[in-house]
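Read top to bottom, the protein sequences are chains W and S.
Residue numbering for the first sequence follows my numbering, beginning at 165 and increasing consecutively.
Residue numbering for the second sequence follows my numbering, beginning at 165 and increasing consecutively.
Honestly, the hints are just simulated from the structure, not real lab data.
Bear in mind that the values here come from a model prediction, so they are computed numbers and not experimental data.
Possibly wrong hints are sitting among the right ones.
Since copy identity is lost for identical chains, a pair holds within one copy or between any two.
Said to hold, decoys possible - As a list, the in silico DSS-like pairs of lysine-lysine whose alpha-carbon atoms are at most 30 angstroms apart:
1. 267 to 206
2. 166 to 255
3. 186 to 449
4. 345 to 414
Spelled out from the first residue to the last, the chains are:
Number of protein chains: 2
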Amino acid sequence: MKYNFSAGPAILPKEVMEEAGKAAINFNNSGLSILEISHRSKDFIAVMDQAVQLVKDLLSLSSDYEVIFISGGASSQFFMVPMNFLDENGKAAYVDSGVWANKAIKEAKLFGQVDVVASSKDENYSYIPKGFSVDSQNTYLHLTSNNTIYGTQLHHFPETEVPLIADMSSDIFSRAFDVNKFDLIYAGAQKNMGPAGTTLVIVKKSALGKVRRSIPSMLKYETHIDGGSMYNTPPVFPIYVSMLTMQWLKNNGGIEAIQKINEEKAALLYNEIDRNPLFVGTARKEDRSNMNVCFLLKDSSQEPAFNEMCKSAGCVGLAGHRSVGGFRASIYNAMPKDAIQVLVDIMREFERKNG
Amino acid sequence: MKYNFSAGPAILPKEVMEEAGKAAINFNNSGLSILEISHRSKDFIAVMDQAVQLVKDLLSLSSDYEVIFISGGASSQFFMVPMNFLDENGKAAYVDSGVWANKAIKEAKLFGQVDVVASSKDENYSYIPKGFSVDSQNTYLHLTSNNTIYGTQLHHFPETEVPLIADMSSDIFSRAFDVNKFDLIYAGAQKNMGPAGTTLVIVKKSALGKVRRSIPSMLKYETHIDGGSMYNTPPVFPIYVSMLTMQWLKNNGGIEAIQKINEEKAALLYNEIDRNPLFVGTARKEDRSNMNVCFLLKDSSQEPAFNEMCKSAGCVGLAGHRSVGGFRASIYNAMPKDAIQVLVDIMREFERKNG
Numbered sequence: 165m166k167y168n169f170s171a172g173p174a175i176l177p178k179e180v181m182e183e184a185g186k187a188a189i190n191f192n193n194s195g196l197s198i199l200e201i202s203h204r205s206k207d208f209i210a211v212m213d214q215a216v217q218l219v220k221d222l223l224s225l226s227s228d229y230e231v232i233f234i235s236g237g238a239s240s241q242f243f244m245v246p247m248n249f250l251d252e253n254g255k256a257a258y259v260d261s262g263v264w265a266n267k268a269i270k271e272a273k274l275f276g277q278v279d280v281v282a283s284s285k286d287e288n289y290s291y292i293p294k295g296f297s298v299d300s301q302n303t304y305l306h307l308t309s310n311n312t313i314y315g316t317q318l319h320h321f322p323e324t325e326v327p328l329i330a331d332m333s334s335d336i337f338s339r340a341f342d343v344n345k346f347d348l349i350y351a352g353a354q355k356n357m358g359p360a361g362t363t364l365v366i367v368k369k370s371a372l373g374k375v376r377r378s379i380p381s382m383l384k385y386e387t388h389i390d391g392g393s394m395y396n397t398p399p400v401f402p403i404y405v406s407m408l409t410m411q412w413l414k415n416n417g418g419i420e421a422i423q424k425i426n427e428e429k430a431a432l433l434y435n436e437i438d439r440n441p442l443f444v445g446t447a448r449k450e451d452r453s454n455m456n457v458c459f460l461l462k463d464s465s466q467e468p469a470f471n472e473m474c475k476s477a478g479c480v481g482l483a484g485h486r487s488v489g490g491f492r493a494s495i496y497n498a499m500p501k502d503a504i505q506v507l508v509d510i511m512r513e514f515e516r517k518n519g
Numbered sequence: 165m166k167y168n169f170s171a172g173p174a175i176l177p178k179e180v181m182e183e184a185g186k187a188a189i190n191f192n193n194s195g196l197s198i199l200e201i202s203h204r205s206k207d208f209i210a211v212m213d214q215a216v217q218l219v220k221d222l223l224s225l226s227s228d229y230e231v232i233f234i235s236g237g238a239s240s241q242f243f244m245v246p247m248n249f250l251d252e253n254g255k256a257a258y259v260d261s262g263v264w265a266n267k268a269i270k271e272a273k274l275f276g277q278v279d280v281v282a283s284s285k286d287e288n289y290s291y292i293p294k295g296f297s298v299d300s301q302n303t304y305l306h307l308t309s310n311n312t313i314y315g316t317q318l319h320h321f322p323e324t325e326v327p328l329i330a331d332m333s334s335d336i337f338s339r340a341f342d343v344n345k346f347d348l349i350y351a352g353a354q355k356n357m358g359p360a361g362t363t364l365v366i367v368k369k370s371a372l373g374k375v376r377r378s379i380p381s382m383l384k385y386e387t388h389i390d391g392g393s394m395y396n397t398p399p400v401f402p403i404y405v406s407m408l409t410m411q412w413l414k415n416n417g418g419i420e421a422i423q424k425i426n427e428e429k430a431a432l433l434y435n436e437i438d439r440n441p442l443f444v445g446t447a448r449k450e451d452r453s454n455m456n457v458c459f460l461l462k463d464s465s466q467e468p469a470f471n472e473m474c475k476s477a478g479c480v481g482l483a484g485h486r487s488v489g490g491f492r493a494s495i496y497n498a499m500p501k502d503a504i505q506v507l508v509d510i511m512r513e514f515e516r517k518n519g
């Protein structure tokens, strides 16, 4: 038995992986693999329609929004967002909450003026910048809702009259929020939605078509909306597995149910970090992420022994990002509470042996 | 038993689909699915390294070339090629051999001057334009090596001093050719290389870095070369299945062996089309594709009956593209000769019943 705490690509529900494995050999009892069927086939069109509908259902999207599945990862959204939204003479506000926010800022500067309204770089991004103001002349305010590397999460989206755009790659579908504040939301699939290879984009129709630069067809959101995410051959299998994962979430009670479980899972682990005298959390408490739990051993010389104990118990993917060090337990939707209990038990045993 | 003649996504070797199905549940006996492991894990780095090495081995690439796996399909290469190669004041030559070549031309016009040196539009792209000249001032000559929709294939690449760039999406790895004439070759995976979701790019290092426009990081070939196709999270599963497919090809004798089989397969089907008085091929004989075989029933009212007979025998994906009509048998590397014999037998039986 393995417990997969990887930050992404990350754990998916066991039943989803089993269903995906079967479909790679024989999809829908068609005698064909999902890997070899046409994206224009009845069977795959049904998958795509269902994937789009599941996003709409899970997030209770109004008809103001379009849902597309494209490729290129969140990294491609870093430039597609300003390319499609920010005019050469316009400006956009960005919050610098970590490495990924920084990359988004760097790409946006190619297209217009960028106003970095707040940053937590001064303390190695261990907190979420708050209390800043945003000039209403900005076309949008760009946020990273969860910072995978540092284990911080935006628990309250800023109150501002400027429309929000957010990278929700690492916490989409993990909690309820008010979608209507957003002009656009994007998320690479490979954390909470599915395997690597597709990117979800949710966009407010009325916000599109306002820039004047010429944009290649594949880089216009309208192209993919008009083509129903099939302007060109879509990443069939990643979209299929994402659909299965969203179906699993819906069958298990949707966002409301998973949010409660996610809060319990995170509390279980943070409580142990705070109680256990050998460990310390790295993120400011009020900004702690319910998806990525980052912590250190106070005595870093104990790391090899703790790693060994985790490995023996089947816990994998716990190494912290190099810029933070220590440990990171990524506990996305698909991570069962039992697995977190296993990790907590190891921490307790480690304390008994080494405390 | 199904015989999958789809144009793409298309048939893959049976053993590849079985291996992929197993890996989606338990990869390399790790107790983890290929869908949930980190792209930075030892196991996936080995997959990526092997995929790159297989491309180099299969095509006998010299060290002048870099191999990357990215996403966005050939449709993204339509704009990435001119964005990275064609300066605002430069010009590039394009051959218009079909719908996809046309889309490449349309995107290139956003970046510089485009010289359409030849077209076969006058006869619905049923032949390959030949005998044209290319001004040596052109930065490159863009070709589509195989036209999936019309069943035409470039059997001899033009002799010119201008470097070649080619969309080889539908015939990469199907035959030998002189790579050294090319500055860049691209191919969406989903025909001859793997499932939908990744794009192979082979690029001559010395041809890069010559344009002056500012390019978003994700759209620069150098970014993906420097990052070893892992600048951002790559499409893990599509690359894995592509690696398996290339491994299968290498184990079965590589390009030399498959080219011979592909020629035999195509001859078997074209001979029947030419012999059978009920059918007629749509492409000019000298330009016929060994990958996509397009043909019509002379009496189109017989189509439903022929379709029914194909369906009963398990042959699927035979509908011609709407712009050509009739039938299209896509017989990529993974299609066994036996399956083509099944189709030929149906055509003969159809002749006996309806001739």
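Verification of the supplied hints:
1. Taking the closest pair of Cα atoms, residue 267 and residue 206 come within 30 angstroms of each other only across two copies (26 angstroms); inside a single copy the shortest separation is 39 angstroms, beyond that limit.
2. Taking the closest pair of Cα atoms, residue 166 and residue 255 never come within 30 angstroms of each other, the shortest separation being 47 angstroms inside a single copy and 56 angstroms across copies.
3. Neither within a single protomer nor between protomers do residue 186 and residue 449 lie at most 30 angstroms apart by alpha-carbon distance, with minima of 43 angstroms and 42 angstroms respectively.
4. Proximity of residue 345 and residue 414 under a CA criterion of 30 angstroms is satisfied intra-copy only: 23 angstroms inside one chain copy versus 53 angstroms between copies.
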